[in-house]
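These protein sequences, in sequence, are chains C and F. Residues in the first sequence are numbered consecutively from 1308, following the working numbering. Residues in the second sequence are numbered consecutively from 1308, following the working numbering.
Please keep in mind that the hints were generated in silico from the structure rather than gathered at the bench. Virtual Cβ for every residue (Gly too), placed ideally from N, Cα, C. Be a bit skeptical, because a hint or two may be false.
Residues from chain C that face chain F, not an exhaustive set, calculated with beta carbons under 7 angstroms [said to hold, decoys possible]:
1) 1316
2) 1318
3) 1351
Cross-link-like lysine to aspartate or glutamate pairs, in silico, EDC-like; alpha carbons within 20 angstroms at most [unchecked claim]:
4) F:1487 <-> F:1450
5) C:1571 <-> F:1713
6) F:1571 <-> C:1437
7) C:1627 <-> C:1523
8) C:1571 <-> F:1522
9) C:1675 <-> C:1491
10) F:1571 <-> C:1409
11) C:1680 <-> C:1659
12) C:1571 <-> F:1327
13) F:1533 <-> F:1327
14) C:1663 <-> C:1699
15) F:1663 <-> F:1327
16) F:1459 <-> F:1391
17) C:1498 <-> C:1430
18) F:1627 <-> F:1713
19) F:1610 <-> F:1538
20) C:1627 <-> C:1430
21) F:1571 <-> C:1440
22) C:1593 <-> C:1349
23) C:1498 <-> C:1465
24) F:1487 <-> F:1440
25) C:1533 <-> C:1465
26) C:1571 <-> F:1409
27) F:1571 <-> C:1519
There are 2 protein chains.
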Amino acid sequence: MTDLRARQSELQDLFDTYVDAGLRLDLTRGKPAAEQLDLSNDLDGILEGFYLLQGGTDVRNYGGILGIPEARQLGAEFIGATSEQVMVGGNSSLNLMYQYVEHMMPHWRGEPVKFLCPVPGYDRHFTICEHFDIEMITVPLNDDGPDMQQVKELVSQDAAIKGIWCVPKYSNPTGNTYSKEIVEQFAEIPKVAGDNFRVFWDNAYAVHDLVEQGDELPSLMTAAGKAGTTDSVVMLGSTSKVTFAGAGISFLATSTSQLAAFEKFLSNQMIGFDKVNQLRHVRFLKDSDGIKAHMAKHRDIIKPKFELVLNMLEKHLAGKNMASWNSPRGGYFISLDTRPGLATTIISMAADAGVKLTPAGATFPYGKDPENKNIRLAPTFPELAELESAMDVFVPCVELASLNAELD
Amino acid sequence: MTDLRARQSELQDLFDTYVDAGLRLDLTRGKPAAEQLDLSNDLDGILEGFYLLQGGTDVRNYGGILGIPEARQLGAEFIGATSEQVMVGGNSSLNLMYQYVEHMMPHWRGEPVKFLCPVPGYDRHFTICEHFDIEMITVPLNDDGPDMQQVKELVSQDAAIKGIWCVPKYSNPTGNTYSKEIVEQFAEIPKVAGDNFRVFWDNAYAVHDLVEQGDELPSLMTAAGKAGTTDSVVMLGSTSKVTFAGAGISFLATSTSQLAAFEKFLSNQMIGFDKVNQLRHVRFLKDSDGIKAHMAKHRDIIKPKFELVLNMLEKHLAGKNMASWNSPRGGYFISLDTRPGLATTIISMAADAGVKLTPAGATFPYGKDPENKNIRLAPTFPELAELESAMDVFVPCVELASLNAELD
């Protein structure tokens, strides 16, 4: 016990030093670093004055909500669907998700709408639900995907459950990729769910491997094709973390008939998305091989950052029973679980010591982590040296908070 | 009468010739011609690898719903407001209008929502109302703007009227610009209207002069500032017909407090608009002088097209009491009124003879032109020769339909 007290005191001194140092570091959002963005600088200017498509369409002019054929083909390869099932949106797949939910709301009218949310998950999915007053029901996310037994039970018992949010590959924040079996079960789920049930398949990290042989996610659309449930599938993706985070293009795939219905909905509010930028992306990324080669360059930049964070966690926290974390094979986050009840305290301590972390609870609906233990670390944006400084602060915060709780 | 019968027969023969010729011409939508789009080809590549703003913001990365300061300043000059009152959106001001109406809907809840629509007007404004189940009440649009006496009476008698759609400069389709007096009256209207009344000031043709000294539209925001009604002002504009029709940037201006509320609403559905394209536009257009110089080049291209249409109308239809039309000083349309009841017939005849025209009624709410007489001609998109061919068909259709009706 004296040893622990001594360690506590030592950590407290270290913590005070950091507080006095007035650091300003940030591990919050999953943003690409400037060096990653540099990889796509050639996007601007790539058209060299050629704005016409093979079919004669002038991308500079109005029209065409579904996007240019060339970009729909790129999206099809990206997302795992046919080009007829894919539309290409603007710079935000999040916006497409919002619009799709809005599009469905009248079809869901007459009952309280509920969504399933595998947790921990992506806060902006939850925000969309809150905006539309959609009740969120959490289900556990295991290493191979959501607890499908629970998903099946819930949707078959309650027809008011109209959707489920999934990040099926390198999930935000836990980095898990759904297994083949889970994907196949997802294709079957709409059969036991209420009318107009939708699987929101946000494949945000479809091509974002941190290892050379990344995880293989089977195509939900293919599985749904066999199961006859493509109407219930809404797959999403974007180039936000491929090219420019604020100026990429987005993809949405569903059955052709549901795509036509969504197109009609969108026609009330727009004439079309930015086709010039779609063409830029086609010229720049070319096809799935082009994307793969491009993503390898991203990997070279961000892999050392993930390794740094993991090494420091390993070095300072392993075997102490104070935290557990994942070693993601792709995606943008490291998800760390503290001892129950300590996430808020640790995040607040880190803030006092100059390191901003994603708010506690952000990875749960309504911002409420029932065990108050999940912390999402985003290593990509800071430079390596900053990242190391931030982890120098964060790691003792975890230990100190754990000791404080233990010794109090 | 025999003369008229002879003329009718002659026109019928001519018409039949056109039908047999199988032409495929189009005078429907207000799209820029390829030659106009060429004026902005340098947009792509203009950044030359420089993506950082003076303030250090990297436009390639996430964030900033209100847009980059440089583009907000450009928008302020464009739209007649201060940069703090302006946000910069994506490629569609129509989308901003839709989103703003959606944003207001909860504030308008609890009563049937109604909008005033000066007619003839822009069909896509009406589509937004229909989508949100907003009842549309028409008011006459005079040469100097809407009938303000009627507007005032209506809004003061019915608190359910929550908005009015205006295209205050070179209005679509009549080409009228609101007078100083009308603009000042608009600034006062919210004082006699119900709660949360909004003037939707769609300044789509703010800089689109067809004459060297274009119309001057006083700033509604300035007038509203004096009247204390800036919260009720929503001004809109875009570069769709300045740079690329499908890949420009859009502007929305309102009071800073209302802008903050709208920003909060948008934060539920997006992280930000495309800032790279905003920066491209700033570099390309620079400021209001830059815009002016650029628009002069547009004028050189489209003025001859308007002149051609007007000359042909003048030559073939003047003095026959069969049609009246405007000679716009700017904008994208020529609005033609036939004898009452004939618009549908003429448009259908033109279609049979190979010339596509905007559907009858499109310029009125619910697609219903009460007098069935308004036809919107859009001369910008076709080449001069095509335009002439289209008018060669259109003009006899007007005369023939008029004679048919007269002689039946």
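The hints, checked one at a time:
1. 1316: Given a least distance of 40 angstroms, the restraint on residue 1316 (chain C) is violated.
2. 1318: Status violated, d = 34 angstroms.
3. 1351: At 5 angstroms from the nearest chain F Cβ, residue 1351 (chain C) passes the 7 angstroms test, so the hint holds.
4. F:1487 <-> F:1450: holds (12 angstroms)
5. C:1571 <-> F:1713: violated (41 angstroms)
6. F:1571 <-> C:1437: holds (14 angstroms)
7. C:1627 <-> C:1523: Not satisfied, since the Cα-Cα distance of roughly 34 angstroms exceeds 20 angstroms.
8. C:1571 <-> F:1522: violated (37 angstroms)
9. C:1675 <-> C:1491: With a Cα-Cα distance of about 31 angstroms, the restraint between residue 1675 (chain C) and residue 1491 (chain C) is violated, given a limit of 20 angstroms.
10. F:1571 <-> C:1409: Distance ~17 angstroms between residue 1571 (chain F) and residue 1409 (chain C) Cα, so the pair holds.
11. C:1680 <-> C:1659: holds (19 angstroms)
12. C:1571 <-> F:1327: violated (35 angstroms)
13. F:1533 <-> F:1327: Answer violated: residue 1533 (chain F) to residue 1327 (chain F) is near 62 angstroms, above 20 angstroms.
14. C:1663 <-> C:1699: holds (13 angstroms)
15. F:1663 <-> F:1327: Holds, at roughly 16 angstroms.
16. F:1459 <-> F:1391: Not satisfied, since the Cα-Cα distance of roughly 30 angstroms exceeds 20 angstroms.
17. C:1498 <-> C:1430: Outside the cut-off at roughly 28 angstroms; violated.
18. F:1627 <-> F:1713: Holds, at roughly 12 angstroms.
19. F:1610 <-> F:1538: Violated: residue 1610 (chain F) and residue 1538 (chain F) sit about 38 angstroms apart, past 20 angstroms.
20. C:1627 <-> C:1430: violated (30 angstroms)
21. F:1571 <-> C:1440: holds (16 angstroms)
22. C:1593 <-> C:1349: Roughly 13 angstroms between the alpha carbons, so the hint for residue 1593 (chain C) and residue 1349 (chain C) holds.
23. C:1498 <-> C:1465: holds (13 angstroms)
24. F:1487 <-> F:1440: violated (33 angstroms)
25. C:1533 <-> C:1465: The given pair, whose Cα atoms are some 25 angstroms apart, is violated under the 20 angstroms limit.
26. C:1571 <-> F:1409: holds (17 angstroms)
27. F:1571 <-> C:1519: violated (40 angstroms)
The structure is inconsistent with the numbered hints 1, 2, 5, 7, 8, 9, 12, 13, 16, 17, 19, 20, 24, 25 and 27, although it conforms to all the rest.
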